[in-house]
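Engineer: My request is simple: use the sequences and hints to build the entire structure.
Here is what each chain is made of, one letter per residue.
Protein chains: 2
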Amino acid sequence: MNREKSAIGVDLGGTKIELALVNNAGKIKKTLRRSTDAKGGSNAVQRQIVDAVRLLRQEDDQNIAGVGLGVAEQVVQDTGLVRFAPNLEWHDVALQTDLSETLGMPVKVVNDVRAATLGEWLFGAGRGCDDLICLFVGTGVGGGIVSGARMLSGTSNTAGEVGHITVDLHGPICTCGNQGCLEALAGGWAISRKARRAAATHPEAGAALIKMADHRIDAITAEIVARAYNAKDSLARRIIDGACEALIGGVVSMISMCNPNRIIMGGGVIEGLPELIGRVKQGVRLRALTAALESLQIVPAALGKEAGVIGAAALVLRESEGQ
Amino acid sequence: MNREKSAIGVDLGGTKIELALVNNAGKIKKTLRRSTDAKGGSNAVQRQIVDAVRLLRQEDDQNIAGVGLGVAEQVVQDTGLVRFAPNLEWHDVALQTDLSETLGMPVKVVNDVRAATLGEWLFGAGRGCDDLICLFVGTGVGGGIVSGARMLSGTSNTAGEVGHITVDLHGPICTCGNQGCLEALAGGWAISRKARRAAATHPEAGAALIKMADHRIDAITAEIVARAYNAKDSLARRIIDGACEALIGGVVSMISMCNPNRIIMGGGVIEGLPELIGRVKQGVRLRALTAALESLQIVPAALGKEAGVIGAAALVLRESEGQ
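Quick mapping for you: the protein sequence lines, in order, are chains A and B.
Positions in the first sequence are counted from 1; adding 779 to them yields the working numbering.
Positions in the second sequence are counted from 1; adding 779 to them yields the working numbering.
Be a bit skeptical, because a hint or two may be false.
Since the list can't tell identical chains apart, any single copy or any two copies may satisfy a pair.
As the list claims (entries may be wrong) - Straight-line C-alpha distance at most 20 Å; calculated SDA-like pairs for lysine to any residue: (1) K1060 <-> H949; (2) K1060 <-> Q958; (3) K1060 <-> G956; (4) K1084 <-> W968; (5) K1060 <-> S935; (6) K1060 <-> C955; (7) K1084 <-> R906; (8) K1084 <-> P1053; (9) K809 <-> Q837; (10) K806 <-> S1099; (11) K784 <-> S821; (12) K795 <-> V829.
Calculated from the structure, these hints are not laboratory results.
Just so we're clear, the structure is a prediction, and the values are computed from it rather than from any experiment.
Structural biologist: Set out below in structure tokens:
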């Protein structure tokens, strides 16, 4: 008799949909990927999800507890209503109810970064830890907070927006409209914005970056800046130093607020520049409250891009087990 | 038969000890105050507390559940060990165990600002709210976080140190050693530091402040700056504007991290400048994430200086009721 429970985790992005069949030990048993039919609108995308889920269900239909789905931006807790997903141009899509009715099984929709935090907490770098913060530094900066063995959701399900803490009152404008957000200083888009502006103003200092971008300044990406940093280019060094300083300030704020036992750093920018973790550790030792430092570890994320599907599936598995 | 339960709340400070007999509706029935015998060391202070508690017990001995005691600085949860209380120059004082043995009743020692947060939450401006942050701006800046109807303690009981979030990476040095902490820009000590420095460098601009401090620059306090601000002195305006900007940045960070339903602002600086609450509200509307703003209220604290004793007593009453 097979007592192993599974769930299907879905990571719904603007360009692709990742699906995985995940067991209750957090192991991925099968994956699927689709290009998001964003132009088709929410009906088309829901059909894609339903078709893909049905394919995965054939693998292990008896033991699948349901579907967990992570999506960028705001999700209303409990109802799983997607209020606004800018990369899909969706407003008020009843994704959870619709999918659940069509599939005839439990569906749980959550914010994608909170799903990834759940994945790292239960099956990744946060295993066994009751107080942690995940800090994902990719194109944007997001995360999640676990405090006293519970994920914080806040009053309208937007807790954990660690990219939008103010670290520099007079810093650069953020996409959210505020100034000096952590994301506006350390997110991938901010790194490339800073590099492009610097290269345009000082083409000599930006020579290496411009060359690596095939002589198109507007093709300089955070990834290129990271490569130039690793090759010791001095403009890239300056830009990444600034991002690192902002990360230190942001992590210090997180520590002062939540006194976590572990801070887990992941995302594309960190994966491209893993030494940032060591630099943040060092900076935080100098800047954070002594009492909060004694019990603090700063560690790399363990699940990479799979954290999202694993966490989304885990959410459904936990609910099915009444946790 | 009197079924009303009470507890004794104690607020132990470096200069005075406030005690109150508090019932389980959060009402103060009797108060006592002692000047702290700080020079006598922890034994002398404990004797003071024991004597005062015994006096209060005579009021209602049958129904007193125990003693809750708030003290500045770090307290080890559960054991109530005071690790370090700089204003008393105490290190590793087993206050909870000692007092409990001497008094023969339950004693619970907590951080004083967390006690005040509990008071505001249960009986003050936070009544009925499951997600709130208290922000007390006095000489220092402190607070507490309630999320999902639970007070956050963190992994070593220092969560809620909202005065030490970084709001300005390149800002002034804080007493904690970091730069640009909220407290180093908006705390009473920071306001007076800034005013003294400005008055010393520009005596003309500082004329009003200097006069209000009886012509002694080093006697300029945050209270004097607040009075000068209310009298429209332009240097005082500039200084308070800076503090207000920092408060806005700090509150935005708190909102992004925890998505509270209510932010409760109190403490001496706020009491002296109540219009700061309106200014923070306005600034936050422009700077915080829209999704988190919809459900947000920013309100003044309701219990004033009594929040601490009420909260400390409430802690014991809750435990006695098994909450």
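Engineer: Which numbered hints are broken by the structure, listed smallest first?
Structural biologist: Failing hint: just 11.
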